[in-house]
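Residue numbers (this note's numbering), protein chains in the order written: chain X, 1 to 112; chain F, 1001 to 1113.
The hints are simulated quantities; they were obtained by calculation from the structure and are not laboratory data.
You may find that some hints are simply not true.
[Said to hold, decoys possible] Straight-line C-alpha distance at most 16 Å; calculated EDC-like pairs for lysine to aspartate or glutamate:
1. X/57 <-> F/1101
2. X/42 <-> F/1038
3. X/68 <-> X/2
4. X/59 <-> X/82
5. F/1070 <-> F/1052
6. X/59 <-> X/81
[To be verified] Just the calculated beta-carbon pair ranges, DEER-fashion:
7. X/60 <-> F/1030: 27 to 37 Å
8. F/1001 <-> X/39: 13 to 23 Å
9. F/1040 <-> X/16: 40 to 50 Å
10. X/42 <-> F/1113: 17 to 27 Å
11. F/1040 <-> X/26: 11 to 21 Å
12. F/1113 <-> X/76: 43 to 53 Å
13. X/58 <-> F/1067: 38 to 48 Å
Where is the CB? At the ideal position from N, CA and C, for every residue including glycine.
Chain residues, written in single-letter form:
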Amino acid sequence: EDQVTQSPEALRLQEGESSSLNCSYTVSGLRGLFWYRQDPGKGPEFLFTLYSAGEEKEKERLKATLTKKESFLHITAPKPEDSATYLCAVGFSSGSARQLTFGSGTQLTVLP
Amino acid sequence: NAGVTQTPKFRVLKTGQSMTLLCAQDMNHEYMYWYRQDPGMGLRLIHYSVGEGTTAKGEVPDGYNVSRLKKQNFLLGLESAAPSQTSVYFCASHKTGAAYEQYFGPGTRLTVT
């Protein structure tokens, strides 16, 4: 059974204090690793797609990396507006649709 | 574009009552999904649709039914609500060829007492 585990569950950082979020997975036939951002009271918003080990993607202060068993979301010099829950998901094919298995997320709080 | 919209935003039901959640998207997306999100469990797929007139079961379909009569709309029904269906429900859609770049609606918070 595909599993996605995110750690830590919650993280509090001071503004400017860099850190990393972890997403480990066990899947048969990985079809991509995906990061989403979710603000309170809103739906998830797509951030990155990673398909192969060694791949990296960047967007502003965020950088996602992928190995064969885990992905990291590095946050460099975060700002309070980066506070959100970050979800990772792995993709797989089932029938005629592409589906995602989500982790339970890391709630990030960046203090000014 | 409004993107993905959901109606209603909040709802309280009594056990045994029925209701329908409406999802609408104006991006001409073929694929649409219904998820539920519970604390500590992540998003779980209830049902999905790969096009108008088609639906299929996801990971947790029991107690729910869906219909996709029009391409832009995807309805989620609860025929006899149970407290275990208390959750936040999200609808999502994506275009053909961008399978995992899903666009999510704002969610519906449902409480069943």
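How the hints compare with the structure:
1. At roughly 15 Å between alpha-carbon atoms, residue 57 of chain X and residue 1101 of chain F fall within 16 Å of each other, so this suggested pair holds.
2. At roughly 14 Å between alpha-carbon atoms, residue 42 of chain X and residue 1038 of chain F fall within 16 Å of each other, so this suggested pair holds.
3. Proposed proximity of residue 68 of chain X and residue 2 of chain X is supported: the alpha carbons are some 14 Å apart, at most 16 Å.
4. Taken as a hint, the residue 59 of chain X and residue 82 of chain X pair is honoured in the structure, with Cα atoms around 12 Å apart against an allowance of 16 Å.
5. Restraint check for residue 1070 of chain F and residue 1052 of chain F: the C-alpha separation of about 6 Å stays at or below 16 Å, so the hint holds.
6. At most 16 Å may separate the alpha-carbon atoms for a hinted pair to count; residue 59 of chain X and residue 81 of chain X meet this at roughly 14 Å.
7. With their beta carbons about 31 Å apart, residue 60 of chain X and residue 1030 of chain F fall inside the hinted range of 27 to 37 Å.
8. Taking the beta carbon of each, residue 1001 of chain F and residue 39 of chain X are about 19 Å apart, inside 13 to 23 Å as hinted.
9. Judged by the Cβ atoms, the range 40 to 50 Å given for residue 1040 of chain F and residue 16 of chain X is violated: they are separated by roughly 30 Å.
10. In this structure the supplied range 17 to 27 Å holds for residue 42 of chain X paired with residue 1113 of chain F, their Cβ-Cβ distance being about 25 Å.
11. About 19 Å separates the C-beta atoms of residue 1040 of chain F and residue 26 of chain X, a value consistent with the hinted range of 11 to 21 Å.
12. Residue 1113 of chain F and residue 76 of chain X have their C-beta atoms about 46 Å apart, which keeps the hinted 43 to 53 Å range intact.
13. Between residue 58 of chain X and residue 1067 of chain F the beta carbon distance is about 41 Å. The supplied range of 38 to 48 Å therefore holds.
Of the numbered hints stated above, the single one contradicted by the structure is hint 9.
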